[in-house]
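So that you can map any letter, position 465 of the sequence shown is 464 in numbering that gives the first Met the number 0, and since no number is skipped, the others follow by simple counting.
Among the hints, a few may not be true.
Said to hold, decoys possible - Distance ranges between label pairs, derived from CB positions: (1) E253 to N356: 27 to 33 Å; (2) G234 to T172: 31 to 37 Å; (3) D219 to T270: 35 to 41 Å; (4) A305 to T491: 41 to 47 Å.
Stated by the list, open to error - Straight line, CA to CA, 16 Å or less: simulated EDC-like cross-link-like pairs of lysine to aspartate or glutamate: (5) K200 to D267; (6) K136 to E64; (7) K273 to E198.
Please keep in mind that the hints were generated in silico from the structure rather than gathered at the bench.
C-beta atoms are modelled at their ideal positions from N, C-alpha and C, and glycine is treated no differently.
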Amino acid sequence: MSWASDGAPVSGWVIYLDQNQNGVLDADERSTTTDTNGDYSFSNLIGGVTYYVKEVLNSLGGGWEQVSGAEPVNLAMGAASAGNNFVNKAYGNIVVVKNVVNENGQVTKDATNWTWNYDGAEQDGFALTTGSTNSVKVPAGSYVVSENQQANYTVKLSSCSGEETDPTATATTHQSVVVSPGETVVCTFTNARDSGTIEVKKVVQSADPDEAGVFDLLVDGVVKAEDVANGGTTGQVPVATGQAHAVAEAAGTETDMNRYDSFYQCFDGRTLVKMGNGTAVEGGITVSKGQHVVCTFTNTAHALIAIVKDANPDASQPFDFNINGGRQGLDEDFTLVDDGSEESNNTEIIEVSALANYTVTESEVAGWVLTNISCEGEGRIETENPLELALQPTPGTIIVCTFTNTKKASLTVVKDAQPNATVPFSFTTDAVQVAGADATFSLVDDGALGVNSKLFTGLMPGRYTVTETATEGWTLNDIRCTNAVVERAGLTAHITLSAGAEAVCTFVNQKKIVPQVLGATTVVPPAPKLQDTGASLLWQTVLSVGLIGTTLWVVTRKQNTESILKKRAVVYSLL
0 MSWASDGAPV SGWVIYLDQN QNGVLDADER STTTDTNGDY SFSNLIGGVT YYVKEVLNSL
60 GGGWEQVSGA EPVNLAMGAA SAGNNFVNKA YGNIVVVKNV VNENGQVTKD ATNWTWNYDG
120 AEQDGFALTT GSTNSVKVPA GSYVVSENQQ ANYTVKLSSC SGEETDPTAT ATTHQSVVVS
180 PGETVVCTFT NARDSGTIEV KKVVQSADPD EAGVFDLLVD GVVKAEDVAN GGTTGQVPVA
240 TGQAHAVAEA AGTETDMNRY DSFYQCFDGR TLVKMGNGTA VEGGITVSKG QHVVCTFTNT
300 AHALIAIVKD ANPDASQPFD FNINGGRQGL DEDFTLVDDG SEESNNTEII EVSALANYTV
360 TESEVAGWVL TNISCEGEGR IETENPLELA LQPTPGTIIV CTFTNTKKAS LTVVKDAQPN
420 ATVPFSFTTD AVQVAGADAT FSLVDDGALG VNSKLFTGLM PGRYTVTETA TEGWTLNDIR
480 CTNAVVERAG LTAHITLSAG AEAVCTFVNQ KKIVPQVLGA TTVVPPAPKL QDTGASLLWQ
540 TVLSVGLIGT TLWVVTRKQN TESILKKRAV VYSLL
């Protein structure tokens, strides 16, 4: 007979005669199965032979152990043997359920392998994927069921069915269980992923709030805050420990990231974790259990610098500039022309990083002077250095700076002596380019080899004086200027030059007349004209006659008046 340890008969159990005593049912060995009462029998046995009665433990599948079995039987001739019973005890089952809760409190099914063991020995074959189960048949008895803990995880729950668990006790990685024959004990281990938090904040620096833009804030490639403006945040985003998490920003709706400089700082409390330039934290952020890291992306709007050329007067002269500075090492050359036309390229606009220092310089141009630099806009503007401009613009603004260049003027002083003579005429002037230069000079208008002009160049627009020293026997009759405004005061000319003027001022000197008395000599003028007015003259009394160069000077008297007649000597003759 065969029955379970609880006394219940077992049918279908295989019993065999193991005559070769190898513990295996061989093909030539007799066997039978138990009936519904758990009974079995063998007939037609040979007396005087010892029979070894055995059972096949896995007759009904695995999971049984033998409590007691039949002894060898030696049958006498014609005898029968009874009481050759088998008692078996069924195995129990231990089932392990593995749950893993991620940093967001959700059960995850990532392919993380967990191993568990019973009775203190690791069961290599019992590898579990999170969210799955595994079971093993064990002989009835007491066991310790445990899991092999992994880094960055904490046991949150461990319990086994049929066992009392203290709900206030700290969860552990092991449980003690008693498995009865045929009993299934289910042990559940729940592990939580260790986590910290990452918060991403937004700071926008721009003087124009309407142009400040909006941005998306991302953790591990997922947008956690969309279209946020200055002051926006993702809030605390739970993240797993033990791995780097991508932290970044991206352009929001209708925002151009190319118009901003991005800078980030990540802090754990007051401790700096990472900092750098760009829209993504280099290498990501790894948090420890319970750690809270705050990353702030600061976007500084670019500024504009406009350089305007004002040439006085308008001219086709090109002016070369250079701008350099900034965090990106800007170094740019450009050329401006202010010829007064609509097509004139007199303005250059450069987009630059704000809150950085820039220097603008203009190359010197012969014949021109940089007379003024004027700027309008927000930020630091320094124009004290007459040769360069220092700027630090405010984010989101424009600084407009005008470079005014004035063309230098020239003045030519000309001597016109009437008649031509070798007499030197001396002058003094303040129209000199270099302070302390010789301000005196002499001119000779002899109509031949004499130097009758003096050129002064490199003069700034303004008022200059030229004074002629009185020369005996000569009279300064006139001062005539072209391309300038002149005011005469005796022997001094006050000359006002405009930018770029090429002025010519002529000092006309006439030699004084030396009268010659001829008594009552009478001159009969040829009719009909003698005077410049064209009026006809009658006989007149000549008081004196003088010949100066090719000009005849005649002093006459008529009706108690005197007049001076000036005619070419070659035209008239004396009678």
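For this session: Take the C-beta atom of E253 and the C-beta atom of N356, compute their distance, and say whether it sits inside 27 to 33 Å.
Result: 31 Å, holds
Exercise. Straight-line Cα separation of K200 and D267 no greater than 16 Å?
Worked result: 14 Å, holds
Exercise. Okay, G234 versus T172 on CB: inside 31 to 37 Å?
Worked result: 34 Å, holds
Exercise. How does the Cβ-Cβ distance of D219 and T270 compare with 35 to 41 Å: does it lie in that range?
Worked result: 23 Å, violated
For this session: Take a quick look at whether K136 and E64 sit within 16 Å of each other, Cα to Cα.
Result: Holds, because 11 Å separates the two Cα atoms, which is no more than 16 Å.
Exercise. Is K273 within 16 Å of E198, Cα to Cα?
Worked result: 14 Å, holds
Problem set entry | Range hint compliance [Cβ, A305 to T491, 41 to 47 Å] | Roughly 46 Å apart at Cβ, these two residues keep to the hinted range, so it holds.
Comparing the model with each numbered hint stated earlier shows that hint 3 is the single one that does not hold.
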